[in-house]
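Trainee: Residues per chain are reported as follows:
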Amino acid sequence: MACESWKADLDAYVDGELTENKRHDFETHLRTCLSCAGAILFRVQMKRAIQIAGKRYTPGAEFRRRLQRDIRAKQPHRLRSRWTLAAVVLATSIVAGVTSVHLERVRLHSDSVYGEIADLHVSTLASSSPVDVISSDRHTVKPWFQGKIPFTFNLPELETSEFSLVGGRVTYLDQTPGAQLIYQIRKHRISVFVFAEDSLAGKLPLHSGTGRTRSFNSETWSQAGLRYFVIGDASASDIRSLSGLLKTAGV
Amino acid sequence: MSNASPQSDSFEELAMPLFDQLYNFARWLTQNGDDAEDLVQETYVKALKGFSSFRLGTNFRAWMYRILRNTFLTSRTGLKETATLPIDPEESQSVVPADRDTPESIFMDRSNQGWLQHAIEELPVHYREILLLCDMEEMSYQEISETLCIPMGTVMSRLSRARKALRSRLGTQLQKRVNHGL
Chain A
1 MACESWKADL DAYVDGELTE NKRHDFETHL RTCLSCAGAI LFRVQMKRAI
51 QIAGKRYTPG AEFRRRLQRD IRAKQPHRLR SRWTLAAVVL ATSIVAGVTS
101 VHLERVRLHS DSVYGEIADL HVSTLASSSP VDVISSDRHT VKPWFQGKIP
151 FTFNLPELET SEFSLVGGRV TYLDQTPGAQ LIYQIRKHRI SVFVFAEDSL
201 AGKLPLHSGT GRTRSFNSET WSQAGLRYFV IGDASASDIR SLSGLLKTAG
251 V
Chain B
252 MSNASPQSDS FEELAMPLFD QLYNFARWLT QNGDDAEDLV QETYVKALKG
302 FSSFRLGTNF RAWMYRILRN TFLTSRTGLK ETATLPIDPE ESQSVVPADR
352 DTPESIFMDR SNQGWLQHAI EELPVHYREI LLLCDMEEMS YQEISETLCI
402 PMGTVMSRLS RARKALRSRL GTQLQKRVNH GL
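Residue numbers (the working numbering), protein chains in the order written: chain A, 1 to 251; chain B, 252 to 433.
Incorrect hints may appear among the rest.
Stated by the list, open to error - Now the in silico label distances, taken between C-beta atoms and shown as ranges:
1. B:R306 / A:E159: 25 to 31 Å
2. A:D25 / B:R428: 18 to 24 Å
3. B:H431 / A:G60: 24 to 30 Å
4. B:Q426 / A:G250: 23 to 29 Å
5. B:P402 / A:T58: 46 to 52 Å
6. A:S123 / B:T325: 25 to 31 Å
As the list claims (entries may be wrong) - Some but not every residue of chain A turned toward chain B, in silico, with C-beta under 10 Å:
7. G16
8. E17
9. N21
10. R48
11. A53
12. D70
13. G167
14. V170
15. L173
16. Q175
17. S208
18. R212
19. L245
20. G250
Claimed, not checked - Straight-line Cα separation of at most 20 Å, PhoX-like style, residue types lysine-lysine; simulated pairs:
21. A:K74 / B:K415
22. A:K142 / A:K7
23. A:K55 / A:K187
24. A:K74 / B:K427
25. A:K7 / A:K55
26. A:K74 / A:K55
27. B:K415 / B:K427
28. B:K297 / A:K7
29. A:K142 / A:K47
30. A:K47 / B:K415
Since the hints were derived computationally from the structure, they do not count as laboratory data. Because the structure is a prediction, the values reported are computed rather than measured. For every residue, glycine included, the Cβ atom is placed at its ideal position computed from N, Cα and C.
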């Protein structure tokens, strides 16, 4: 492909919008074309400068509080009946005394599990070889785990999503083997951990849900005997979207 | 992928993490602190009202940005901004790569960030928004297409023109600095 033909793809390359094959061909071209390499360098610098310059305004804390208050006030209440509400309050107060100590223990334990998951995620990304099987093909990554972990799992089809599979590795949580998969969305990498629920029984008093751990967004749930953790610095909606895809694939 | 309607109490959980970036984007659009707060406030109210129609598994971020942007376009400031836009022939033209050999790299230095911000502010709103969605928010072309309700081809051509317009403004600013011996 002639140099001129590539000029129209300069922006798409910098924006990460070329298909894998086209990107590969373009990078081959870049190795021998100083003109295109210079144009790319310029665009990357410009994009970075706009990214920095663009993050200019921060909302005030008072505005945030006011907005949150408004949202909460406007959200439809689920418990409309006063009697229902009174009954729930009474029941809750009785049960609360009995369970508060237990819940505190569960919370502390859950926090430490999330902390460990966050550590695993960070240490993997910091590693010079974050994944042992490098492939964007789920049909390559999934079979690689055969014989390495005591369960199997399904991976989602990603063609219609923004996510891409980077690869996978075997990991351990509380001395229990599991799978760690790395996904990418834009510049963000997300870890998906999968463990057999029964091997973690009694060790991890976790409930399904979303949360934030050391500023990472995360989601965990149990499905078909497996415990999933999704964690990364991507937005909460990205974490939720990837979790949705995994849940659909895991059915 | 699930097409189920979301629970109303999950709105806050999904929407509040976008608060900072939506405010920043609103501020770039309105160029005024009070208007930006009004715009964000109205966006969240509209989004909460329409949340039952949002389908889980689809792009919540693009949905929120679309509401914000549409709200802006129908606001007083938005109507004023768009009313003064020249007719843009971009939709009927092919993508034109911009020249790379420009002296504006000087503005990429952090110390000159104010100049770059000023040049972005001067862009017409339809260039400003697409540039920020792509480069600042790191949205994919598909996401931008959903947010701005324009075809993918238009995303590419408009983005190319926005970048060219920005380079042109930076060039003008640089020339002024040279003329003033700065």
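Trainee: Take a quick look at whether K47 of chain A and K415 of chain B sit within 20 Å of each other, Cα to Cα.
Mentor: Satisfied, since the Cα-Cα distance of roughly 13 Å is no more than 20 Å.
Trainee: Tell me if the interface restraint on N21 of chain A is satisfied: Cβ within less than 10 Å of some Cβ in chain B.
Mentor: 18 Å, violated
Trainee: For a C-alpha distance cap of 20 Å, please report whether K74 of chain A and K55 of chain A respect it.
Mentor: Violated, at roughly 30 Å.
Trainee: Tell me if R212 of chain A is really an interface residue toward chain B, meaning its C-beta lies closer than 10 Å to one of theirs.
Mentor: 9 Å, holds
Trainee: Given Q175 of chain A as an interface hint, is its Cβ closer than 10 Å to any Cβ of chain B?
Mentor: 33 Å, violated
Trainee: Are the Cα atoms of K55 of chain A and K187 of chain A separated by 20 Å or less?
Mentor: Between K55 of chain A and K187 of chain A the Cα gap is close to 16 Å, so the pair holds against 20 Å.
Trainee: Assess, step by step, whether the Cα of K142 of chain A is no farther than 20 Å from the Cα of K47 of chain A, and give holds or violated.
Mentor: Outside the cut-off at roughly 36 Å; violated.
Trainee: Would the hint on L173 of chain A be counted as holding, given a Cβ-Cβ threshold of 10 Å to chain B?
Mentor: 25 Å, violated
Trainee: Quick one, are K74 of chain A and K427 of chain B close enough, alpha carbons at most 20 Å?
Mentor: 52 Å, violated
Trainee: With a cut-off of 10 Å on the beta carbons, see whether L245 of chain A makes it to chain B.
Mentor: 7 Å, holds
Trainee: Classify the hint on A53 of chain A as holds or violated, based on whether any CB of chain B lies nearer than 10 Å to its CB.
Mentor: Holds - the Cβ of A53 of chain A comes within 10 Å of chain B, reaching about 5 Å at its closest.
Trainee: So the hint says 24 to 30 Å: do the beta-carbon atoms of H431 of chain B and G60 of chain A match that?
Mentor: Check failed, 36 Å falls outside 24 to 30 Å.
Of the numbered hints stated above, those contradicted by the structure are hints 1, 2, 3, 4, 5, 6, 9, 13, 14, 15, 16, 17, 20, 21, 22, 24, 25, 26, 28, 29, listed in ascending order.
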